[in-house]
Amino acid sequence: MAVRTEPFVLNMGPVHPSTHGVFRMRATLDGEVVVDIEPVFGYLHRGIEKLTEQRTYNGIVPLTDRLDYISSMSNNLAYCLAVEKLAGIKVPERAEYIRVIIAELQRIAALLIAVGAFLNDCGAYFTPFLYMFREREKIVDLFEMVSGQRLTYNYMRVGGVSQDLPEEFMPALRKFMDKMPHYMDEYDQLLMQNEILIARAKGVGILSGEQAINCSASGPVLRASGVNWDIRKADPYSIYDRFDFDIPTQTTGDCYDRYRQRVDEMRQSLRIIQQAIEQLPSGPVRAEVPHLVRPLVGEAYARLEAPKGELGFYLVSDNSIAPYRCHIRPPSLINLTALRDMVRGWKVADLIIIFGSIDITVGEIDR
Amino acid sequence: MTVSLSGKEVASKIEEKFSGSVVESSAENLVIKSDRVLDVARFLKETDGLDFDYLNFVTAVDRYDHFEVVYLLSSLEHNHSLMIKARCYDRENPALPSVVDVWQGADFQEREIYDLFGIKFEGHPNMKRIFLWDGFDGHPLRKDYI
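Here the protein sequences line up with chains A and B, keeping their order.
Each step along the first sequence adds one to the number in our numbering, with nothing skipped, and position 98 is 95.
One rule links them: number in our numbering = place in the second sequence (from 1) + 330.
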């Protein structure tokens, strides 16, 4: 005899360890099966887009730190690229290389958190996470050397970076570069064939390539579904066209693939950093940029491949010292569009890991 | 390198199919009549050679006498992009057709525009505020809000 169940609404969050920030999901359940979910945003909404309209172009850089606060450097860079495009500012060679090194280190740091948090959600409670934090710590130390900060770096400037690399930076970076591949092998040994991880993540929460494109997914989520699209290759910004690296992709688009994808991407980032270290020229690190940038009337959209996907800034100028409008294209928010289709029909426990495999930061969703 | 298509060339293709639907066009972008947005969106996605299957973002700009809604489209296959715009002159009850049926990626972004600018997207399956709470007074990204 079939047992009839009443639909049951479960509120997950806003404060729940698996929601990676203050974020709520209203899940409608039939027994243990997810019938529908509705993400509820806004708990961290600070109106950053409105705030930018009252600040000078240079004064907005610290605000961008607070978007995706675990990859602040990428946000800084995306914003600076947009202003440089709008005002036609040329960045010195050395600054371009420093930016690439820093941005790729930031990618590794952010992906380590993504992978660690995902494994947390899978039930490997905090053991892999702490391993990941061990390496992230080294990267944060490097960032502290260049910027004096450990979370909101505010290092990039319009026209370059705020200061040159300090003396102790290069030796520490080389040490990190020597050790990191070994650590990554360690993760693979520990996790890649792990029975529990495979049982929980393989075949779960499949997102097809077509669906991913239709939902405007980007970054590792898109590539794990087999779509070969990386802005560093498709629309190279800064000096990415000078480096030799591959775009890894996966085939199925399940949670395991998204995890694999992030691990593969870290290895490619290491390749880029290695080449950038070898080619690093000397020279100035910041172009002569006036304190008050006043671009001509017009608009510009600049984007980059952030650790979570396509991060872009759409700036509209009315020839004043503050942008007329500054829109931020948030990869975290847009990647969540596909969540509803991915979780329907799965159990509540799977909902947690499917959500975890998308990897979001609420600071960027709410802005 | 992503090639950004000339708005003028695409405009002539659109005009062939839907005459009178392009308000103006330039090298960088083209402006669509607001009631034809959905038809044009579908045309841009489904026409061979254009194949705009990816919506990068959609946002709005308050130009005082009208709202400008901006769509950036890409084709992953051809690696080209195009910016299209639509204008809403009604400040009291601005509305546009929703493009969620064409690109699902517009879902949260159209809700965000509704929340912060007050532009209603007709045909959207869940047109309500996304960040601010129900009952919040006003739409903060409008230029006349404080």
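There's no promise every hint is true.
Calculated cross-link-like contacts (lysine-lysine; reagent style BS3-like; alpha-carbon spacing at most 27 Å) [to be verified]:
1. A:K82 x B:K338
2. A:K47 x B:K473
3. B:K450 x A:K47
4. B:K450 x A:K230
5. B:K347 x B:K363
6. B:K473 x A:K82
7. A:K47 x B:K347
8. B:K450 x A:K82
9. B:K363 x B:K450
Covered by chain B, per the in silico footprint, the following chain A stretches (three or more residues, Cβ under 8 Å) [as the list claims (entries may be wrong)]:
10. 40 to 48
11. 224 to 236
12. 259 to 271
13. 305 to 315
Just so you have them, the derived chain A footprint on chain B, three or more residues with Cβ under 8 Å [claimed, not checked]:
14. 382 to 393
15. 430 to 441
Just so you know, the hints here were simulated from the structure itself, not pulled from any lab data.
It should be emphasised that the depicted structure is a prediction, and the values quoted were computed from it without experimental measurement.
The beta carbon of each residue, even a glycine, is placed where N, CA and C say it ideally should be.
Here is what the structure says about each hint:
1. The suggested pairing of K82 (chain A) with K338 (chain B) holds, with an alpha-carbon distance near 23 Å, which does not exceed 27 Å.
2. Proposed proximity of K47 (chain A) and K473 (chain B) is supported: the alpha carbons are some 9 Å apart, at most 27 Å.
3. Between K450 (chain B) and K47 (chain A), the direct Cα distance comes to roughly 20 Å. Compliance with the 27 Å bound is thereby established for this hinted pair.
4. For the hint pairing K450 (chain B) with K230 (chain A), the CA-to-CA distance comes to about 37 Å; that exceeds 27 Å, so the pair is violated.
5. Annotation: proposed proximity of K347 (chain B) to K363 (chain B) holds, straight-line Cα distance about 14 Å (limit 27 Å).
6. Annotation: proposed proximity of K473 (chain B) to K82 (chain A) holds, straight-line Cα distance about 25 Å (limit 27 Å).
7. For the suggested pair K47 (chain A) and K347 (chain B), the alpha carbons sit about 39 Å apart, so the restraint of at most 27 Å is broken.
8. Between K450 (chain B) and K82 (chain A), the direct Cα distance comes to roughly 32 Å. Violation of the 27 Å bound is thereby established for this hinted pair.
9. As the CA atoms of K363 (chain B) and K450 (chain B) are separated by approximately 16 Å, the hinted pair is consistent with the 27 Å bound.
10. Counting residues of the region 40 to 48 of chain A whose CB falls under 8 Å from any CB of chain B gives 4; the rule of at least 3 is met.
11. Figure legend: the region 224 to 236 of chain A, annotated as covered by chain B; annotation consistent (5 residues with Cβ-Cβ distances under 8 Å, at least 3 required).
12. Counting residues of the region 259 to 271 of chain A whose beta-carbon sits less than 8 Å from any beta-carbon of chain B gives 0, not enough to reach three: the coverage restraint is violated.
13. Remark: the region 305 to 315 of chain A is confirmed as covered by chain B, as 4 of its residues place a Cβ nearer than 8 Å to a Cβ of that chain, reaching the required three.
14. Here the region 382 to 393 of chain B counts 8 residues with a CB under 8 Å from a CB of chain A, which clears the bar of 3, and the coverage holds.
15. Judged by the Cβ-Cβ criterion of 8 Å, the region 430 to 441 of chain B is covered by chain A as claimed, because 7 of its residues qualify and three suffice.
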